[in-house]
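Make a model of the complete structure from these sequences and hints.
Protein chains in written order, with this note's numbering: chain A, 1 to 441; chain B, 442 to 738.
Keep in mind that the hints were calculated from the coordinates and are not lab data. The C-beta atom is built at its ideal place from N, Cα and C for all residues, glycine as well. Don't take every hint at face value.
What the simulated footprint calls covered on chain A by chain B, stretch by stretch (three residues with Cβ under 8 Å from a Cβ of chain B suffice, anywhere in the stretch; the number is not a length) [to be verified]:
1) 276–284
2) 328–334
3) 419–428
Over 10 Å on every C-beta distance to chain A, these chain B residues come out as not near it, computed from the model [stated by the list, open to error]:
4) F476
5) V527
6) A538
7) A542
8) L568
9) P630
10) L681
11) L718
Residues from chain A shown here face chain B by an in silico Cβ test under 7 Å; the list is partial [claimed, not checked]:
12) Q74
13) D76
14) A78
15) K213
16) N214
17) P263
18) I267
19) E273
20) L296
21) L311
22) S415
23) A416
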Amino acid sequence: MTNILRKTLLAGLALPLLSSAAMAGEVTLLFWPGPESEAMQKVLDAYNAGPGKTDGITVKQLLFSRQGYFEKEQADLAAGSSEFDLALVTTYTLGRYAPYLDPIDAQVPAEVKAAFAPVSLQSLTLDGKLYGVPTDISVHFLYYRKDLVDRLLSDTEWQKRYAAIAKEKLGREMQPKAPDDWSWDDWIAAALFFSAADNPDSPTRFGTVLQMKNLIFNIMLWQATLVSNGGDWLADGRPAIDGPAARTGLQVYKTLIDAKATPPGSISYEYPEANAAFQAGQAATMLQWNAAFNELNDPAKSPTVAGKIGLAPLPAGSAGHKSHVHSLGIGLNTASKNKADAGKVVAWLATKDAMTVYAQAGGTPPVPEILKSMAAARPEFPLVGDFVDRYGFVVTGGTAAYAVPVYEVLAEKFSAFWAGQIDLDTALKQAAEGMAERIKG
Amino acid sequence: MASAAGIGRRPYEGRWDGLWLLGPLLLFLALLLGFPAVANLVYSLSEVRFTGLWSPRWVGLDNYATVLADPAFWGAVGFSARFAVVVTVAQLLLGFALVLALDPLIAKRRWLMAFLLLPMMVSPALLGVMYRLMLNDFVGVIPQYLQLVGFSGNLLDADWAFTTVAVIEVLQWTPFAVLALLTAYQAIPGELVEAARIDGAGSWSVFRRITLPLMVPALAITGFIRFIDSFRVFDHIYVLTGGGPGTLTQSLSIYIYRTFFQQERIGPAVAASMLLLLASIVVLRLLMAQMLRGSRG
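This is the structure in structure tokens:
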């Protein structure tokens, strides 16, 4: 009996070891499930059916659930797992992942890089080394109801009312402008005009819909107000979040909250809730990620607003229009036991062929030429390329290891300010202190 | 039979068989509980980052001091304690009331119990997603009905968020209280009640002098389990409010999660979890002592 037990135990221990051994010619990509993985599967299918046959390589995806994905990936990378050869990397998690990733500048040489929008490469670069092939770019649009804004620009009665509201609420004479030329004040004035709280005749209940849940992605959206007013995370290597630009930016949101120009629940909103408000025709404008356009402009999914949506750059501050940009990309796991094959796949992913398949499958590759060529199917694509190029920024430190902890502290403090839990001075002071602590590590 | 089975065997033959049989379980426990416990203790006394999990730097009790001086920690402790007390009391009251009201019905229709337990079967995270939809201002069913009765606020804003997440917890876990209390209620000897009735006791007297005293142990155990569970609440609050608005619904578990994973302050996060463990052990010890004293009495 003892012998049988001993053999059984040994066999049990040996099985996982055997199963973890990397199989030559098989490359595994760790990814998250959703539209990106579905699009990526088409790219991998194309590789497996084409260049993969020549290379003798098959690529497959390993999907972790989306909830807590980055923590799980980080834990696996830190543990030196070789269960996957390639992994999803993002701008904001790059600094954390970089110690476990190989730079891919050798696989993506300068002539290949030239096809990508420069800011997308910057968004996956740390200490001068590229750590991921940028496959998806995210930029922000000002979404607005074109039908309503067009009428505002042509209807004198509406214009008089707009001017009266601006005078009363913002204390100065203002005339409506085209959204492409909006400053933050123009946006606020338009939002007040389209809010039932200030204009009982408004065709929408709210002039805009903000996303203010205690969530890092909401800070990414907000920080255009910071950078467009000349601010940044750091100045001379030190936290500068408590400067006048952040104060102005936070007040933009607070003005809209106090004026009831955004739904009362928006303090708990994130991407889907804001979309729902706009989709229902209840909000006239919205600052939102480019990814929302496809669904909002689909007559089957959004019958109330489809075909009536205009896109513009986010309103301008003293430094002009700005938009946070970040990328998703594919990085090379240092612990991979199949690095040569994985490197070949990385090199192929950076080609126009691969990026074209990805775009056709629903992805948003940061390759301006491809984005422009798909204007008929995806009308927002040329604007993505254009806005990324003209207005895109990555905050100083946005790819550092402390990026997520800093976003986290900003989300906590600023969300508390918008919710009325703390005042502006306290929020800025605590944010700066928290930021300094996170940067120091 | 036992002596017959032992015939022909040397006294110590097979003594290692037991060890072999227990071995995998002991190894499993050592790996599953022992290693993380030791690692947690070490990390709580060290400065450590994801990039250096195998080389923590000893800092003594600094992490504990950092956590204890962090207002966000005390805010989270305050929320968790308030939340746990409120929902535990509510679940016990509601659960007990349901037991008293539904016992005759459940005795005849057993399937009703299974029906009552359904909310408990739903994953708390999924429940959070469901309520996110149901509470949405524009597509949610709950705000639509509330507007019909003149309520125009938002159930997730700063004024209502605590109440909302507490009500959701109560709705999900009251069935557990019903299940635990019903078993105790049905175990009360019928003859005691019958004798009291013969002696002229009314319903209120029967409840106050017989039912309630005999239910106290079950109420205490149920209350303890629900308190501990509610104190550690994470899933539905994280999905629904992310701990906000601001940090108004940030439980201790959410604080630990954010500190560990999102702020990457591993030492303070683990120190906070060790403090939570310590507090749980103290509460458990006190309660067990009380229960043992009660059972001996």
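*Hints broken by the structure, by number, lowest first?*
Result: hints 2, 10, 13, 20, 21 break, sorted rising.
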